[in-house]
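**Student:** Given only the sequences and the hints, what does the whole structure look like? Please build it.
Residue-level listing of the chains:
Number of protein chains: 2
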Amino acid sequence: MDYSTMKPSEVRALIRQGKLTGQTSGMCDGYAQGNLLVLPRAQAYDFLLFTQRNPKSCPILEVGDVGSRLVKRMAADADIATDIPKYRVWENGVMTGEYTDISQLWREDFVYFLIGCSFSFEGELLSAGVPVRHIEEGKNVPMYLTNIDCEPAGIFHGKLVVSMRPMPADQVIRAVSITASMPRVHGAPIHIGDPAKIGIADIHKPDFGDAVTIHEGEIPVFWCCGVTPQSVVMNAKPPIAISHAPGHMFITDVKNSLLKD
Amino acid sequence: MDYSTMKPSEVRALIRQGKLTGQTSGMCDGYAQGNLLVLPRAQAYDFLLFTQRNPKSCPILEVGDVGSRLVKRMAADADIATDIPKYRVWENGVMTGEYTDISQLWREDFVYFLIGCSFSFEGELLSAGVPVRHIEEGKNVPMYLTNIDCEPAGIFHGKLVVSMRPMPADQVIRAVSITASMPRVHGAPIHIGDPAKIGIADIHKPDFGDAVTIHEGEIPVFWCCGVTPQSVVMNAKPPIAISHAPGHMFITDVKNSLLKD
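Just so you know, the sequences run in chain order A and B.
Taking the working numbering, the leading residue of the first sequence gets 1, the next gets one more, and so forth.
Taking the working numbering, the leading residue of the second sequence gets 1, the next gets one more, and so forth.
Keep in mind that the hints were calculated from the coordinates and are not lab data.
You may find that some hints are simply not true.
Copies of the same chain look alike in the list, so a pair counts if it fits in one copy or across any two.
Straight-line Cα separation of at most 35 Å, DSBU-like style, residue types lysine-lysine; simulated pairs [to be verified]:
1) K72 x K197
2) K72 x K237
3) K159 x K72
4) K139 x K237
5) K237 x K86
6) K7 x K159
7) K7 x K197
8) K56 x K237
9) K56 x K7
10) K255 x K56
11) K159 x K255
**Tutor:** Right, here's the structure in full:
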């Protein structure tokens, strides 16, 4: 089965039927995938405000109505409680289980947040001939905890997490230009060059993901990373939260190229 | 006194001292001015979600912490309850009073929203040689109720209000390009040309503001308007809401030219 050429609605149907429970990387080529975070209404205001104050870390694709599992804007006929291959449930900041369906766990006070993902702009970078090293090397993107504080909101606060892609100097401008036009998937980089300037001690030792090769003369380019909201939320230890399992994303009906404003 | 060349902090000090209670139009040339809306925490989640779902109508400059009058991001040392020349208080959707200071009315559960204003992009249009007819004619911008539904959020729903600026066809591209780069002050137009397409029966009879001259061959260009959130909120009749009085805005420390992302 070649999932890369299937329509998002077809893949979501397989996921909903429990026939597909693996990672979504490479599926439905060209369509945006989103990160999931579900919080009770009691914590949702603070988190919504956090996303408003930190739009480059937490670019919102869609926020559900209170209690609603229905995705309206980013997909047709989608159910956020069944259409993701794998979920993680967190209680007081501790992961307590993995599920392929959260229908039975859904509550009337739950609010879901679909958050844009850098997968979307990587496709655009590759199309434009900008190298994406971790894809070339078959690795996960290198991610680093910085010394930059997020703008706090209510119970949520913490340091910014960034992802890094090294590239030749003459590709940096193109990479900035392409990603700046995609604010709903992290937008322009937040830092270019010296890792120490943002509190990264060793570029070869990422805090999350894998180290990648940086060739002689290449410049590291740093983007805000979707791990930030997850780490910030889990640090706040809400009584319950649900996320997608890493790599097991929600596949939208919206093309990456349409995430330009 | 030439207010146009004064610093925002100086003008805000005069306003705070009650020495300046008039309209802020033309003051502190080049600095962004913002619309105010204050709501109790009980209605603030729905409104924050409304702004997230309708970013072109409700471009947020800053949202205060619950109970806080302090402006942190858009100005230094500013107090949202004293630094606007005139406020309006609304109870159940009905205006019940005008005040030059709302310190005595402030509550621990109040949340303020500072919302971007098209004044900011008009300066940029003028600098680029794009005509702004209502300024040429010394009028208020013409505004129209459309047949376009805003994306509803909780208790808030209603039709989109647009502002209109007519211009020669060869200026439209420049106007789109300039305003598209300013998403925090309404961004790119939402419609160009035929007013009937968005439910406007007579372009010469605006629902708010003044009619302006449209020269032979000029194209009307429509932008989302900051009147939308005000009308949507007042329609929902919250127990209490506070806004700025029309034309009596909050003057920020941020230059319009820096509202480009």
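**Student:** Hint by hint, note whether the structure agrees.
**Tutor:** Against the structure, the hints come out as follows:
no. : hint        : in the structure
1   : K72 x K197  : between (41 Å within a copy, 24 Å between copies)
2   : K72 x K237  : both (29 Å within a copy, 27 Å between copies)
3   : K159 x K72  : both (32 Å within a copy, 19 Å between copies)
4   : K139 x K237 : within (30 Å within a copy, 54 Å between copies)
5   : K237 x K86  : within (21 Å within a copy, 42 Å between copies)
6   : K7 x K159   : between (37 Å within a copy, 34 Å between copies)
7   : K7 x K197   : between (43 Å within a copy, 32 Å between copies)
8   : K56 x K237  : both (23 Å within a copy, 34 Å between copies)
9   : K56 x K7    : both (28 Å within a copy, 30 Å between copies)
10  : K255 x K56  : both (20 Å within a copy, 21 Å between copies)
11  : K159 x K255 : both (31 Å within a copy, 28 Å between copies)
Of the numbered hints stated above, none is contradicted by the structure.
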